[in-house]
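Numbers 388 to 526, taken from the working numbering, label the letters of the sequence shown in order.
No wet-lab data here; the hints were simulated from the structure.
All values derive from a computational prediction rather than experimental measurement.
Even for Gly, the Cβ is constructed at its ideal location relative to N, Cα and C.
Warning: the hint list may mix true and false statements.
Here are the in silico distance ranges between beta carbons for each label pair [unchecked claim]:
1. Pro399 <-> Glu451: 28 to 36 angstroms
2. Leu463 <-> Ser435: 17 to 25 angstroms
3. Ser486 <-> Leu463: 31 to 39 angstroms
4. Thr437 <-> Pro481: 16 to 24 angstroms
5. Arg489 <-> Ser413: 27 to 35 angstroms
6. Pro399 <-> Ser441: 27 to 35 angstroms
7. Gly485 <-> Ser435: 15 to 23 angstroms
8. Glu451 <-> Val523: 16 to 24 angstroms
9. Thr411 <-> Ala493: 39 to 47 angstroms
10. Gly467 <-> Lys427: 41 to 49 angstroms
11. Ser441 <-> Leu394: 28 to 36 angstroms
12. Glu451 <-> Leu472: 39 to 47 angstroms
13. Leu465 <-> Thr401: 28 to 36 angstroms
14. Thr437 <-> Asp510: 21 to 29 angstroms
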Amino acid sequence: MASESRLYTLTPATTTTLRTFRLTTSRAATLQALILTINKSTQEITPSPTVYTSLPDLADDLPEHAPRFVLLSCPLELAGGRKSLPYVMLAWMPETVGSELRMLYAGAKEMVRGVAEVQRVVDCGEEEEVLGVEEVLRG
Numbered sequence: 388m389a390s391e392s393r394l395y396t397l398t399p400a401t402t403t404t405l406r407t408f409r410l411t412t413s414r415a416a417t418l419q420a421l422i423l424t425i426n427k428s429t430q431e432i433t434p435s436p437t438v439y440t441s442l443p444d445l446a447d448d449l450p451e452h453a454p455r456f457v458l459l460s461c462p463l464e465l466a467g468g469r470k471s472l473p474y475v476m477l478a479w480m481p482e483t484v485g486s487e488l489r490m491l492y493a494g495a496k497e498m499v500r501g502v503a504e505v506q507r508v509v510d511c512g513e514e515e516e517v518l519g520v521e522e523v524l525r526g
């Protein structure tokens with residue numbers, strides 16, 4: 388992670404936002420999602436101001452031609468009635484993304500995973516994969 392931290396920057400405010408999001412979603416009763424973007428010129432990772440509460444809204448707002456990281460806390464009821472609250476990162480990478488952006492996001496993936504302290508990374512490239520992430524997490 389040392390080499391990635393020199394390439395990409397997180398402001399103290401962004402780090403605080405990520406930590407606060409992780410801690411508040413650990414007690415949430417509804418789905419919570421936060422989109423992260425990398426500024427191509429400064430290589431700064433920034434969160435969106437919007438916290439999404441539904442997968443269809445999240446899927447609609449993900450760009451068709453640009454990658455994103457999505458922090459997702461998704462309450463689930465597993466077989467036998469047991470409740471689970473996985474905290475994961477969706478790595479949004481549509482097929483139409485150019486090679487420069489692919490490399491930019493691929494290089495930051497593990498760093499963001501570590502800083503965000505997610506349990507798992509789920510790769511998504513189509514809207515249907517985002518909408519079906521609850522089944523992937525159950526499974």
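Results for each hint:
1. The hint said 28 to 36 angstroms for the Cβ distance between proline 399 and glutamate 451, and at roughly 32 angstroms that hint holds.
2. Leucine 463 and serine 435 have their C-beta atoms about 24 angstroms apart, which keeps the hinted 17 to 25 angstroms range intact.
3. Remark: the range hint 31 to 39 angstroms for serine 486 to leucine 463 is upheld by a beta-carbon distance near 36 angstroms.
4. A C-beta distance of roughly 20 angstroms is found between threonine 437 and proline 481, which places it inside the suggested range of 16 to 24 angstroms.
5. Hint check: arginine 489 to serine 413, Cβ distance near 32 angstroms, so the stated range 27 to 35 angstroms holds.
6. About 30 angstroms separates the C-beta atoms of proline 399 and serine 441, a value consistent with the hinted range of 27 to 35 angstroms.
7. A C-beta distance of roughly 21 angstroms is found between glycine 485 and serine 435, which places it inside the suggested range of 15 to 23 angstroms.
8. As the Cβ distance of glutamate 451 to valine 523 is approximately 21 angstroms, the hint placing it in 16 to 24 angstroms holds.
9. Evaluation of the 39 to 47 angstroms hint for threonine 411 and alanine 493 yields a failure: the beta carbon distance comes to about 29 angstroms.
10. About 46 angstroms separates the C-beta atoms of glycine 467 and lysine 427, a value consistent with the hinted range of 41 to 49 angstroms.
11. Range check, serine 441 to leucine 394: about 34 angstroms between beta-carbon atoms, so the 28 to 36 angstroms window is met.
12. At roughly 30 angstroms, the beta-carbon separation of glutamate 451 and leucine 472 lies outside the given 39 to 47 angstroms, and the hint is violated.
13. A hinted range of 28 to 36 angstroms holds for the C-beta pair leucine 465 and threonine 401, which are about 33 angstroms apart.
14. Checking the proposed 21 to 29 angstroms range against threonine 437 and aspartate 510 shows it holds: the Cβ atoms sit about 22 angstroms from each other.
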